[in-house]
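Trainee: Chain residues, written in single-letter form:
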Amino acid sequence: EPEVTQTPSHQVTQMGQEVILRCVPISNHLYFYWYRQILGQKVEFLVSFYNNEISEKSEIFDDQFSVERPDGSNFTLKIRSTKLEDSAMYFCASSGSFGQGSTGANVLTFGAGSRLTVL
Amino acid sequence: AQSVTQLGSHVSVSEGALVLLRCNYSSSVPPYLFWYVQYPNQGLQLLLKYTSAATLVKGINGFEAEFKKSETSFHLTKPSAHMSDAAEYFCAVSDHPDFGNEKLTFGTGTRLTIIP
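Top to bottom, those sequences are chains A and B.
For the first sequence, my numbering gives the first residue as 1, with consecutive numbering after it.
For the second sequence, my numbering gives the first residue as 1001, with consecutive numbering after it.
This is chain A alone, in the form it adopts within the complex:
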């Protein structure tokens, strides 16, 4: 079964450093997302991406965050200058196969997550 893969599975970084989290979405999907879960808290929406641009972002997704689809397969989340409060599990997801009908909700397929620890 197709899956979303994320790397690294765990990254430890120093405060102020830049971090790039990588995701390979399902190949024929059109929509890409990043969510995060701070330990003990809810899974929160960060950003959605379609047709090479951000379609929606949450208030969490401030100027320190950016997303990119540098080639036909990868989808990255960059955190420019990490803060302690960025420590969380970051989930990538994708959805929406080309030609899929529009009835009903679009189902997201999530990756296993990248755990970011900022020291």
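There could be a bad hint or two in this list.
Cross-link-like lysine-lysine pairs, in silico, BS3-like; alpha carbons within 25 Å at most [stated by the list, open to error]:
1) A/Lys42 x B/Lys1103
2) B/Lys1068 x A/Lys42
3) A/Lys57 x A/Lys83
4) A/Lys78 x B/Lys1103
None of these hints come from the bench; they were simulated from the model.
Computed from a prediction, not measured in an experiment: that's the story for all the values here.
With chain A held as given, fit chain B onto it using these hints.
Mentor: Relative to the frame of chain A, chain B by itself:
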């Protein structure tokens, strides 16, 4: 804004017993509702979804959920728990029930423990 509330951050049931995980939603429009499961060191996997069709929704692994508008609930049940059901379960609601751009709002999750 839509939201979901999961009652009980931890639920323990004996193997073979009924599983009931509670989720209540808040929505100003007909919601799309989801249950996801997360096994250790794995991603979020869709168990089932409600998209305004049948109110009783059957999912994978013997789970089902019933949409009750009068109670604003979407509780997850399974008649007989199995050891392999031990995981974290998340209820979620979609803000944008349009094709694509599914912005999900998640609950805080319920960790299910199965007692042998």
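Trainee: Against the earlier hints, flag every one the structure doesn't satisfy and list their numbers going up.
Mentor: When the structure is compared with the hints, none of them turns out to be violated.
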